[in-house]
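There are 2 protein chains.
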Amino acid sequence: MQAIDNLVKLLSRLPGIGGKSASRIAYHLIGADENYVSSLAQSIASVKEKVRFCPVCGAYSEDGECEFCSSAARDRSLLCVVEQPQDVITIASSGIYNGLFHVLGGAISPMDGIGPDQLSFSALRDRVEKGSFSEVIIATNPTEEGDTTALYIRQLLKGYNVKVSRLAAGLPIGGDLEYADRLTLARSIRGRVSY
Amino acid sequence: MQAIDNLVKLLSRLPGIGGKSASRIAYHLIGADENYVSSLAQSIASVKEKVRFCPVCGAYSEDGECEFCSSAARDRSLLCVVEQPQDVITIASSGIYNGLFHVLGGAISPMDGIGPDQLSFSALRDRVEKGSFSEVIIATNPTEEGDTTALYIRQLLKGYNVKVSRLAAGLPIGGDLEYADRLTLARSIRGRVSY
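Residue numbers (our numbering), protein chains in the order written: chain A, 112 to 306; chain B, 112 to 306.
Isolated chain A (complex conformation):
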């Protein structure tokens, strides 16, 4: 069955989808409602075309400035710096941050050939220089690359009259010490707060 095999092969290249899930999805699609299947195909085909990036902050945007940059309701004195456009959505959907965003487009990673020139650091500096931000919150990932990038931003913004902070790293809420990995535990000990 070439049509099925082909679909299974394509589906199993998606993140988190193994061979078994891919087969299950393929058989589901064969038996699924015609309208649903064509909407799904259409939605996949068009998502790349439809999604653009905000010319100001680099977040996903359907046209022009993104919903955050163009919103009058957001706090324009706070700037949260993230690696990827999807991080904007993650942080925005937490509901506890109401400022603006800046997407770097990745993290500094010499191993992968990604240096500061490939990331939007100069745009970040321009925004800080021309804007009226009181605080820049670095929300790069708690990884080696994210740490390097955070250090780079701290250097970059030295001399500007803006507070620079970074998201706290440590034990996940609701977690158990027993299940914490060694690095997270080390980080939570080093970063302990007075109580």
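To be clear, the hints were calculated from the coordinates, so they are not data collected in a lab.
You may find that some hints are simply not true.
Chain copies aren't distinguished; within one or between two, either way the pair holds.
Said to hold, decoys possible - In silico lysine-lysine, DSS-like type, Cα no more than 30 Å apart, as pairs:
(1) Lys-131 x Lys-120
(2) Lys-161 x Lys-120
(3) Lys-120 x Lys-159
(4) Lys-269 x Lys-241
(5) Lys-241 x Lys-274
(6) Lys-159 x Lys-269
(7) Lys-131 x Lys-159
Given the coordinates of chain A, assemble chain B onto it according to the supplied hints.
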């Protein structure tokens, strides 16, 4: 981001895909290779059209008789009866069965309003009557519906000169007694074999 939200909503209706996986897949697709994304969309859109059913056995087939019914290499004295077209692929890919198949289209389930008339029992009887099968292997699921269906087939084929068997049910190989559910354990005790 309507395009992304819409895709996430459609993806999360797939079996085994929750909200988080759907988001992850959607973001992956936005960043993925253009050719891959359009092949995937195309493959999803066309799988329903391309997949037909074999007029003889009811298995998936791209046109006319399926690869099993039309193969000269398969043993035409064995007939394996399954519930769904995908079961054919599961059994064929085990590599230990080389006979033909018969797809019922489901199992008898009065609760879901599926009686014998909705399933291809008369076609099965015709095939047994006209064919030269020495054995019919019932491979319905080891569920209540599959058991009922198996009993129905045993009755249906009484009087025909054909051996009727059913797949063994019991403990999964590599499993541990401790993790076996009560029903599987009961079945493996009732169906114990001399040793």
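The hints, checked one at a time:
With identical chains, the CA atoms of Lys-131 and Lys-120 are at most 30 Å apart both within one copy (11 Å) and between copies (22 Å). For the identical chains of this complex, Lys-161 and Lys-120 are neighbours both inside a copy (26 Å) and across copies (16 Å), given an alpha-carbon limit of 30 Å. Within a single copy, Lys-120 and Lys-159 get their C-alpha atoms as close as 21 Å, and across copies as close as 16 Å, so both meet the 30 Å cut-off. Proximity of Lys-269 to Lys-241 under the C-alpha cut-off of 30 Å is restricted to the intra-copy arrangement: shortest distance 15 Å within a copy versus 88 Å between copies.
For the homomeric pair Lys-241 and Lys-274, the shortest alpha-carbon distance inside one copy (15 Å) is at most 30 Å, but the shortest distance between copies (85 Å) is not. Proximity of Lys-159 to Lys-269 under the C-alpha cut-off of 30 Å is found in neither arrangement, the shortest distances being 37 Å within a copy and 59 Å between copies. Within a single copy, Lys-131 and Lys-159 get their C-alpha atoms as close as 27 Å, and across copies as close as 19 Å, so both meet the 30 Å cut-off.
Checked against the numbered hints above, the structure breaks only hint 6 and satisfies the rest.
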